[in-house]
Amino acid sequence: MSNTKLCWWTPFKYAVPADYENWFEQQALEGWHPVKVGQWSSFAMRFKKGEPKRYRYVVDMQPAPRKDYMRIYEEFGWEFVGQMASAYVWRREYEGERPESFSDMPSRRSRNKRFFWAVAASFIMLALGALVSAGAAIFAPVLPEKRLELVLSAALCALAAAALGVVMARIRKNLDR
Amino acid sequence: MNIDKARQRYIPMSETMLYILLSLREERHGYGIMQYVKELTNGRIVLGAGTVYQSLGKLEADGLIRAVREEDRKKYYVITPPGAQILSEEAARIHEIYRHLEGII
Numbered sequence: 001m002s003n004t005k006l007c008w009w010t011p012f013k014y015a016v017p018a019d020y021e022n023w024f025e026q027q028a029l030e031g032w033h034p035v036k037v038g039q040w041s042s043f044a045m046r047f048k049k050g051e052p053k054r055y056r057y058v059v060d061m062q063p064a065p066r067k068d069y070m071r072i073y074e075e076f077g078w079e080f081v082g083q084m085a086s087a088y089v090w091r092r093e094y095e096g097e098r099p100e101s102f103s104d105m106p107s108r109r110s111r112n113k114r115f116f117w118a119v120a121a122s123f124i125m126l127a128l129g130a131l132v133s134a135g136a137a138i139f140a141p142v143l144p145e146k147r148l149e150l151v152l153s154a155a156l157c158a159l160a161a162a163a164l165g166v167v168m169a170r171i172r173k174n175l176d177r
Numbered sequence: 178m179n180i181d182k183a184r185q186r187y188i189p190m191s192e193t194m195l196y197i198l199l200s201l202r203e204e205r206h207g208y209g210i211m212q213y214v215k216e217l218t219n220g221r222i223v224l225g226a227g228t229v230y231q232s233l234g235k236l237e238a239d240g241l242i243r244a245v246r247e248e249d250r251k252k253y254y255v256i257t258p259p260g261a262q263i264l265s266e267e268a269a270r271i272h273e274i275y276r277h278l279e280g281i282i
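Quick mapping for you: the protein sequence lines, in order, are chains A and B.
All residue numbers for the first sequence refer to our numbering, where the first residue is 1 and numbers rise by one.
All residue numbers for the second sequence refer to our numbering, where the first residue is 178 and numbers rise by one.
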């Protein structure tokens, strides 16, 4: 049995931050730990088999963290796992009571809203891309092959936008978690 | 932020905000705030890192607290006069509730 594995599109699959955290925690309980979390991990994340551990994972979206951001987490006992764009991943080993980083409802909601708006930004870009390509395919005076390219690009953008739309809806439904 | 706007935004305020403001009558940093509040409430309120970080950012942006110094990448904050004003108005409000509830328990 291989002792590494790749997981694809994880942030999109487990769209809701709390679900994503639980998924990480479950992996750790089975002994799977991410090798390195970085820019490309949102597409493919490599895990290595090791000792099963009880980790509480936390994901946090911070597009412009202040200088004391990392320090506060570290002081509270969190270990920095990595960062995908503005999404920070933290973990902490525990026994007994599960530690929380967002300890009340208002802060949990604002954490979730930050994820919502980050996805919304990409959604808007893709939706615009789809509209512009579709518009060009219909109205621009171009050769037929070029037109086909534009139609394909519009379709791809629309498909990706639709997927992000689903992610947004799922986050919105779970703002309290 | 002017005081009227702060009143609208913070009164009534969440338990988290209240205890953070209360703890910052003395200069403290993130972890110190958590410890202070935990001790004060006998372990009932254990603030999380994300909650503390987020609340400090909001309170600072609204002028209710300010950063006083940085030491070893730790930032220390203290309550400002408008922050103290809001805290005391909130205390008066809670005191009134307390009086109305006396005898219920």
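Note that these hints are calculated values from the structure, not bench results.
Be a bit skeptical, because a hint or two may be false.
As the list claims (entries may be wrong) - Result set (DSS-like, lysine-lysine): computed pairs, CA atoms no more than 25 Å apart in a straight line:
no., chain 1, residue 1, chain 2, residue 2
1, A, Lys146, A, Lys13
2, B, Lys235, A, Lys113
3, A, Lys67, B, Lys251
4, B, Lys251, B, Lys235
5, A, Lys53, B, Lys252
6, A, Lys173, B, Lys182
7, A, Lys36, B, Lys182
8, A, Lys13, A, Lys67
9, A, Lys173, A, Lys53
Verification of the supplied hints:
1. Lys146/A / Lys13/A: violated, 34 Å
2. Lys235/B / Lys113/A: Holds: Lys235/B and Lys113/A sit about 15 Å apart, inside 25 Å.
3. Lys67/A / Lys251/B: holds, 9 Å
4. Lys251/B / Lys235/B: This hinted pair holds, its Cα atoms lying about 18 Å apart.
5. Lys53/A / Lys252/B: violated, 32 Å
6. Lys173/A / Lys182/B: Roughly 30 Å between the alpha carbons, so the hint for Lys173/A and Lys182/B is violated.
7. Lys36/A / Lys182/B: violated, 45 Å
8. Lys13/A / Lys67/A: Violated, at roughly 31 Å.
9. Lys173/A / Lys53/A: Violated - the C-alpha atoms of Lys53/A and Lys173/A are around 30 Å apart, more than 25 Å.
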